[in-house]
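Asker: Produce the entire structure from the sequences given, and follow the hints as far as they go.
So the protein sequences, as listed, match chains A and B. Using the numbering used here, read the first sequence as starting at -17 and increasing by one per residue. Using the numbering used here, read the second sequence as starting at 46 and increasing by one per residue.
If you are wondering where the hints come from, they were derived from the structure by calculation, not from laboratory data. For every residue, glycine included, the Cβ atom is placed at its ideal position computed from N, Cα and C. Check the hints yourself; a few may be wrong.
Each computed BS3-like pair below joins lysine-lysine, with the alpha-carbon atoms no more than 30 Å apart [said to hold, decoys possible]:
no. : chain 1 : residue 1 : chain 2 : residue 2
1   : B       : K244      : A       : K175
2   : A       : K157      : A       : K175
3   : B       : K420      : B       : K464
4   : B       : K464      : A       : K266
5   : A       : K202      : B       : K248
6   : B       : K250      : A       : K202
Computed spacing ranges between beta-carbons, pair by pair [to be verified]:
no. : chain 1 : residue 1 : chain 2 : residue 2 : range
7   : A       : P40       : B       : K240      : 40 to 48 Å
8   : A       : K216      : B       : R120      : 27 to 35 Å
9   : B       : I57       : A       : K83       : 54 to 62 Å
10  : A       : I19       : B       : D81       : 38 to 46 Å
11  : B       : K70       : A       : K284      : 35 to 43 Å
12  : B       : D81       : A       : K83       : 20 to 28 Å
13  : A       : K83       : B       : L146      : 35 to 43 Å
14  : B       : E284      : A       : K83       : 40 to 48 Å
15  : A       : K221      : B       : L146      : 53 to 61 Å
16  : B       : V65       : A       : K284      : 31 to 39 Å
17  : B       : K240      : A       : K60       : 29 to 37 Å
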Amino acid sequence: MKKFLILAIFVMLNAQPIVPIPEHVDYNKDKAFIGKILFFDPNISRDGKVSCASCHEPQFGGADNKQFSIGVFGRIDKPMNSPPAFNAVFNYRQFWNGRAKNLQEQARMANQDHFEMDMTDALLEKRVNANPMYKKLFKNVYKSDYITADMVYDAIAEFEKALITPNSRFDKYLKGDKKALNEEEKRGYFLFKAYGCVTCHNGVNMGGNSFQKLGVFFEKISLPRGRDRYEVTKREEDKYVYKVPSLRNIAVTPPYMHNGNVKNLKKAIVLMGKYNLGIDLPEKDVDAIYAFFQALTGEMPKILNKER
Amino acid sequence: MKSFKVWIAGLIGLTVIAGVFYFNKFVKEYFVNSSDILYKINLLKEEENKLNYHILYASLYLYYNNDLIATDVKRIKSNIKNLEFNEFFKNHYKLSYERFLEYKRAFLKKEDLVFEFLRYNMPVKNSFMFLGSSIPYLFFNTEKSKKELLKIISSVFLAKTAIDDDFLKKINLKEVQKLLNEKNQYNIAFYRNLKIFLKYFPKYKIYLETILNYPTERYLNAALKSFLKTTKIDLRFFELLSLLMILFILSVTISLIVLIYKLEEKIKEAVFLAEYDQLTLLANRIKFNNDLKKIKKPGLIVFNIDKFKNINDFFGTKVGDDVLKFIANELVKFIEKQMPNAKVYRLGADDFGILFDQENCCKEKMIQTAREFIKYIESKIFMQDNTELRISMSAGIACEEPLLENADIAVKTIKKDVKEKVGVFEEELNLFIKDNIQKSNEIKKAIEKDWIIPYFQPIFDKQLNVFKYEVLCRVKFPKGEIRSIYPYLGILKENKMYHFITQKILSHSLRILKKYPHVSLSINLSIEDVINKQIKEYIFKHFVEYDIAKRVTFEILESDISDYEMLEEFVRMLKKYKIEFAIDDFGSGYSNFARVLKLDADYLKIDGSLIKNIDKDEHSKLIVETIVDFAKKSDMKTVAEFVHSKEVFEITKEIGIDYFQGFYLGEPQPEEKCKFFVKNK
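Answerer: This is the structure in structure tokens:
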């Protein structure tokens, strides 16, 4: 009986659709330090010009401000817009179509993608093992004289775990500081829930925890599909199905949508209303939701400030 | 062979220990592993339920956090992975593991279904919410159309709440379109949302039902059932194994007990053989020594059968053994009655000992007991076949360590006494023994090192001319101390060493006789010497030459003589060579004149005890006069010994004694100081 009661309370507490970003996550600091160096190292791409940070820049919330990111030898993975690396640890799957189950897989796939870094495990190992600094660092942490590709992905993933942006004004509001949001923003949050945005944009990341179809209310969409869920499952009904993107730091991560064709956030709100709620949102409601979105920008990840 | 057995036993012991240890370790590991697996399977069941609950929750509540479902899925998958790579589970619970793998595959499909469901859940939920909340904003053409639309909305609510799409069958989208005035923005949204609801709801329903009824739980239950079945078989196996091990250990223990029992019997037997006399069945000397250590203040009575050797010699050892048995039995019976705390031992051939604690028994009681027993035994007549025997015994009592030796001394001492049968060891006895031992050692060494030297005491005639010399024996110790041989005589005779001394004296005498041709010597011989073959041969070889023989007199102790016939023969033989004989210490005991006459001696040396006080004692004088008279009549010369004063010399001369010897006239002296040897040359 007592157990049931505790469970009931737990469920009720968790019943709020959005949860604040925790201020700390557990990660291995030594591995993350190596990961941080690797993250900014262009040498782990085939042409030696593209690093992880090229497309996941700290100043743009862990994404870039381009519609399409530029990979090695100027290759462009049209029509995909780069998703932010910040808070990626909270996502159920990685990439727009969720083809990576975790951060390690994401790092490997991005590293080996023809349009991104175009590397192989063997080439990666050759590059990092040629670097005495890496050799020393990995030896200290992984206790191995030879750096394997898996160790590289693991270190990068460990660094990415630390890329969280807590303490946005909205999170402060959720944690009890009722003054953290102004009236307009509070109204925006209410509308966000009332219109049903929260049905998909929920959880810690306000998204990232389910796959949904873009344009439920349309029989046909003329947008380019790009790499959608269909690429993974090959099921007809999975066309135009994408991982719900996170709304965290949404104000600083333009452009929007999977193909980055919407540069204006308000326009993105209006479009989502049309595509997936079947509603033409009134302008003042769009403004309120827009205002609410401004409160979703969190602090820069601490690991980026620290020397190590 | 013996060490081989020990090795085998050690090996069996080690095997048992290793077996028990390994079994224990194996069972422990088994239960740790199997309970871990059991726990994880049950955990999976619990997490499945939680996932289902969260899915249902997501479908019913407007606000919902998909993270909960994502977390559930992740946790279940990590658990699955954990079990999948559990080698023990994989190898030992093969059937259960196969079921589990089926579960895994089912769950991966379920995971896909869950996220598919979420895709349908979203539009259904959103449109449902919109349809409900849009009523106030809708624009209706007629009252009828309003009624129709409300009917549709209620159908949607019923369908959603009951999760039953039968409620939606009557809804015709085209008719709905006609009912709505398209100019109104909300009307348009209403139509769109209804359309979406109708499109997505059937699939939503199917997904939800499929997920909630998905056979993952059935597979998990099958895995669990199979797991428990295997565990049950294992437990039966463990039970059997334990039983076998218990039986094995039990049999080893029993055989050990049997072996130890047998060993104890053998040890008892060996101890009995070692500690008990097999003839009399009494405890022996080893046991005695062991028991002695256990008593704080022990006392001992030693019984010895008098002249037991004679019994053996006359009646044979069989009778001797029977006598010992008889005495042993009687002694045990007697002691049981008299001194229940004491114990009886056979300490030597014919020595029996009674050991007791002095706290229980005083010395008087001991003496009394010993006497009573001896009296009792001596009163009995031992009968064996046709032999009749009276056994006499002696006893020695000792209360001080070393008990056995002291009691022995007491027995030996008492044997010299005719009347007393029980001797008690006293410290003086011990001193006497020690003195004897010392003397015995001294004299042995003296013989060995040739410390035996002759002294010469002159014998004078009436005109005080030296007639001859008596050869006396002295022991010269390295530091110059000269001792008389008398204190050693007893020991020499007892140890059958007397003839060594005589031999020495004879050879010295012979040397003197040869060196000083005018000197005559009087040499002492004991009866033992006369009997001794070596001495006899020596005399007959060296002393029979005319020149020597005429100057030699042998003195024989009167009281010593036991075998007159033998002596007579000896004397007669030597007299042929003109050797003369003297009877020494004549008159000291019960002198037998007839026998002396028969010996045909030349001299009678009158005992010193008669001469010593002759000037004062009339009685002595009378005896001496008688002896002198007898000697004259028998044609024998007389010699007075012990002439220590002028008075004595005068009187003896007056009586008519022929020769004189004594300190008054001349002391015994070593060869170099005998002036007469030189003067007369």
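Asker: For each hint given before, does the structure comply? Return the numbers of the non-compliant ones in rising order.
Answerer: 4, 11, 13, 15 and 16
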